[in-house]
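S.K.: Residue strings, one per chain:
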Amino acid sequence: MENNNQYSRRSFLKSSALTGGGFLLSMTWFAKVSAAGKPGEAALMPEWQELNGYIKITPDNVIKLICPNPEFGQNVMTSLPMMVAEELDVDWKNVVVEMGPHDSVKLGPQFTGGSNSIRMYWKPLRTAGASARQMLIEAAAQTWGVPAGEITTKAGVLSHKGGKSAKYGEMAAKAATIPVPKDVKLKSPKDFTIIRNSKKNSEGQKIITGKPLFGMDYKVDGMLIAMIQHPPAFGMKLKSFDASQALKMPGIKDVFTIRLYEEGFEQGGFDTRTFNELLVITGKTTWEVMNARKKLLAQWEPAGDIKETMMGRGGKREVVVPGRLENTGAQLEMMQEYAKKPAQLLRKDGDPETAFKNAAQIIERTYNAPFLAHNCMEPMNFFAHVTDEKALVAGPLQAPGWVEPTLSKLLKLPPEKIEIQMTRMGGGFGRRAYGQYVYEAAMISKHAKAPVKLMYTREDDMTYGIYRPMYTATYRAALDENKNLIGFHVKGGGIPENAIHANRFPAGAVDNYLAEGWEISSNITIGAFRAPRSNFNAAAEQSFLDEVAEAMGKDPIAFRLELLKRSKENPVGKNNEYDAGRYAGVLELVRDKSGWGKPENKGKKRGVAAYFCHNSYAAHIVDMVERDGEPYVESVTSAIDCGIVINPDAAANMVQGAVVDGIGNALYGALTHKNGAAEQTNFNNYRIIRYNEAPKNIDVHFVQNDIDPTGLGEPPFPPVFGAVANALYKSTGKRHYNQPYAGEFPKNS
Amino acid sequence: MAKFNLKINQKNLSVDVDPSTPVLWVLRDHIGLTGTKFGCGMAQCGACTIHLDGNAVRSCVLPVSAIGKQAITTIEGLSANGTHPVQKAWIEHDVPQCGYCQAGQIMSASSLLKSNPKPTDEEIDAAMSGNICRCGTYLRIREAIKTAASK
Numbered sequence: 001m002e003n004n005n006q007y008s009r010r011s012f013l014k015s016s017a018l019t020g021g022g023f024l025l026s027m028t029w030f031a032k033v034s035a036a037g038k039p040g041e042a043a044l045m046p047e048w049q050e051l052n053g054y055i056k057i058t059p060d061n062v063i064k065l066i067c068p069n070p071e072f073g074q075n076v077m078t079s080l081p082m083m084v085a086e087e088l089d090v091d092w093k094n095v096v097v098e099m100g101p102h103d104s105v106k107l108g109p110q111f112t113g114g115s116n117s118i119r120m121y122w123k124p125l126r127t128a129g130a131s132a133r134q135m136l137i138e139a140a141a142q143t144w145g146v147p148a149g150e151i152t153t154k155a156g157v158l159s160h161k162g163g164k165s166a167k168y169g170e171m172a173a174k175a176a177t178i179p180v181p182k183d184v185k186l187k188s189p190k191d192f193t194i195i196r197n198s199k200k201n202s203e204g205q206k207i208i209t210g211k212p213l214f215g216m217d218y219k220v221d222g223m224l225i226a227m228i229q230h231p232p233a234f235g236m237k238l239k240s241f242d243a244s245q246a247l248k249m250p251g252i253k254d255v256f257t258i259r260l261y262e263e264g265f266e267q268g269g270f271d272t273r274t275f276n277e278l279l280v281i282t283g284k285t286t287w288e289v290m291n292a293r294k295k296l297l298a299q300w301e302p303a304g305d306i307k308e309t310m311m312g313r314g315g316k317r318e319v320v321v322p323g324r325l326e327n328t329g330a331q332l333e334m335m336q337e338y339a340k341k342p343a344q345l346l347r348k349d350g351d352p353e354t355a356f357k358n359a360a361q362i363i364e365r366t367y368n369a370p371f372l373a374h375n376c377m378e379p380m381n382f383f384a385h386v387t388d389e390k391a392l393v394a395g396p397l398q399a400p401g402w403v404e405p406t407l408s409k410l411l412k413l414p415p416e417k418i419e420i421q422m423t424r425m426g427g428g429f430g431r432r433a434y435g436q437y438v439y440e441a442a443m444i445s446k447h448a449k450a451p452v453k454l455m456y457t458r459e460d461d462m463t464y465g466i467y468r469p470m471y472t473a474t475y476r477a478a479l480d481e482n483k484n485l486i487g488f489h490v491k492g493g494g495i496p497e498n499a500i501h502a503n504r505f506p507a508g509a510v511d512n513y514l515a516e517g518w519e520i521s522s523n524i525t526i527g528a529f530r531a532p533r534s535n536f537n538a539a540a541e542q543s544f545l546d547e548v549a550e551a552m553g554k555d556p557i558a559f560r561l562e563l564l565k566r567s568k569e570n571p572v573g574k575n576n577e578y579d580a581g582r583y584a585g586v587l588e589l590v591r592d593k594s595g596w597g598k599p600e601n602k603g604k605k606r607g608v609a610a611y612f613c614h615n616s617y618a619a620h621i622v623d624m625v626e627r628d629g630e631p632y633v634e635s636v637t638s639a640i641d642c643g644i645v646i647n648p649d650a651a652a653n654m655v656q657g658a659v660v661d662g663i664g665n666a667l668y669g670a671l672t673h674k675n676g677a678a679e680q681t682n683f684n685n686y687r688i689i690r691y692n693e694a695p696k697n698i699d700v701h702f703v704q705n706d707i708d709p710t711g712l713g714e715p716p717f718p719p720v721f722g723a724v725a726n727a728l729y730k731s732t733g734k735r736h737y738n739q740p741y742a743g744e745f746p747k748n749s
Numbered sequence: 750m751a752k753f754n755l756k757i758n759q760k761n762l763s764v765d766v767d768p769s770t771p772v773l774w775v776l777r778d779h780i781g782l783t784g785t786k787f788g789c790g791m792a793q794c795g796a797c798t799i800h801l802d803g804n805a806v807r808s809c810v811l812p813v814s815a816i817g818k819q820a821i822t823t824i825e826g827l828s829a830n831g832t833h834p835v836q837k838a839w840i841e842h843d844v845p846q847c848g849y850c851q852a853g854q855i856m857s858a859s860s861l862l863k864s865n866p867k868p869t870d871e872e873i874d875a876a877m878s879g880n881i882c883r884c885g886t887y888l889r890i891r892e893a894i895k896t897a898a899s900k
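Protein chains in written order, with our numbering: chain A, 1 to 749; chain B, 750 to 900.
Keep in mind the hints are simulated off the structure, nothing from the lab. Any given hint could turn out to be false.
[Stated by the list, open to error] Which chain B residues stay away from chain A? Per the calculated CB distances, all over 10 Å, these:
id, residue
1, 762
2, 777
3, 786
4, 804
5, 814
6, 845
7, 878
8, 891
9, 900
[Said to hold, decoys possible] Taking lysine-lysine and the DSS-like style, the derived pairs with C-alpha atoms no more than 30 Å apart in a straight line are:
id, chain 1, residue 1, chain 2, residue 2
10, A, 206, B, 760
11, B, 895, A, 696
12, A, 219, B, 756
Even for Gly, the Cβ is constructed at its ideal location relative to N, Cα and C.
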């Protein structure tokens, strides 16, 4: 058997027997990482326990499937096991799903983000399922003394034409002794019986009965509650503090400061830092700590410019984070100034300068969008128990694999001494890909020499966030005297990054094309927010295309389809990231399903937008009305192409959610700053879309094809913004260039 | 600190806490019932919704000293094993995404249907607009309430 060799590609899958006669099939994702990262792994192999594998079959035929990726509502704890169950050929009713621990050696990348989970595990998980099935067949063949080829499976039962049959559980112990097959044949999509058949959320029953699933619910005996008093504004730091009053409050244990990164610390790409030195209060219960924190007397001072050492994809670099206390109004003015300066060239096709010089008409529009707070329903929190020898951290986290190396450096513990447990997350939206709150919890526990739960209040969560950046972009279109689009130019900027995806539509569809970008650095911390950058581009670009179509006298869908036809048949330039045919496909589907242009819909105030991101395609048509003096999206039609849809009803739920989220953020979302401090602090002044503001109807349609599945958590989100803006124009007669469309941004703070 | 005798999910329990302590934290930190969630701490999001004598209230701003003899029901006590018609409707429509707000949503919906078994759309709007769902499951919440109301 080859599977004792850790370095072999054939060690990809491993089987082992379970105490009591069960069978476990595990996967080794990176064999080399295994040996290098976790010495002693080989010795542990024979003792693998149930949580370390993908598939466990007990003698009584319970099929336990481990979900490798953290769950934040995208339903991977259902869809990933469905992929295993499909190839394993078991009855879904007998499947029990458990969240796996952090173990990138055995469970793969374990990263929830970038709409990657399904795409990343599509082949490995099905291969695991098919291999286990093959081994069960082989076990039955040996037991019965018949050729394996004569054995069939159905819903967890092995059968031979001679009349013998056995449940998987009966053959599990024997199957564990069968070599893992080197090649297995995966099902053709036409043979799917679980994939493409809606399954209920595997944790639905626990959710509706209030079981402790979330990080917030995680507790151990003797655990302290910790809170952080962070500086009142970005650009400030702690000068001094007086804890005497707070320490007299009931239940309070201690007040102290911690420092996360030492000077010169090499920060990884997701070690986004907000504040480095933190004032911490610990105590017995949450309410006591919340109250006592108010009694802390802290003095703050300007932090000045801060030098950071970043280890990004481009290698090591020194970054100076400016110390200024930001004001939203001033930031907008600064963006306007920068927009006039020369910028970095991102892509150029043809001769855009000449096209614009010769244009009969130039349309130029500038779009602005504010910082957005993620506002996960579950505020940031994490459990940590750090001792001199080892660390256990547990809580809601999207990217354990990125947190581990930094934790290892901060705690000065080797990775194998750090255990990371992922609880269910009360929302993520990108926020929980950044581990600062994990590091904080760990450093607090280390200092307190006790198990602690770090808790953020809603105010902490909102004012001390890692936000969607502030963006701007100026779009220009050159039309000739016959109203043909002869040039397209986008120049985008932002704080602290620009959003431009230079190689996406309409790149590839216009002969003369120019994309440029610029950036302004800031001490306001930013990070990924559901479909990063795309969530702004789709608002700006799709609004602009709507306006260009109008100027050309064309239907906005027909205009986009013309451009896509050009891009498909005779693409301009190279590196066009999208598939023009699939892009057109969602536009055609949404057009047809919504009855776009049909006489019965003439009176509707409709807006359309489409976008490609995270390898999937989405288009929406929204119907808007005015209600009580405010815009209201009454109804939405959505068309999505994400290839094979694993769990259709849950996928529709996610699209509906993305539409609601998009409408809410487009109309209301904004985080502004005054002297470095966030002006929105809780849900009383940060407006989140509510029940009565959600559409009454969202019709979701998926393009039917057999393409390998791609992402769905993010792609439906960005084009909602553009569709809302375009519907708003139809409804009010006014174009909206600044988000939030129903709000007051930009306002001078 | 003071001693409070509380009736929670049909059980009599006593806690020794500061009288200002919100019921949310009594439930979560002292009783160990964590189904009721912390979302905002200022009655803006509804994640902490419980029933007080059957009526939906936000437990994050309700001091334990204000409870008196009123009976508290939390998501854990709404039914045995999730068999309340609202919970069953939630499963039927596969409502949750992240799930964090759903206990509060269910408590608001079940209180509404108890006092008003056949609510109009406007009445559902009024009862449910205090509960934020950041994942945007509002459409399914509406469908589930209608299903529960029809049974």
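S.K.: Enumerate the violated hints, using their earlier numbering and listing them in ascending order.
M.R.: The structure conflicts with hints 2, 3, 6, 7 and 8, although it agrees with all the remaining ones.
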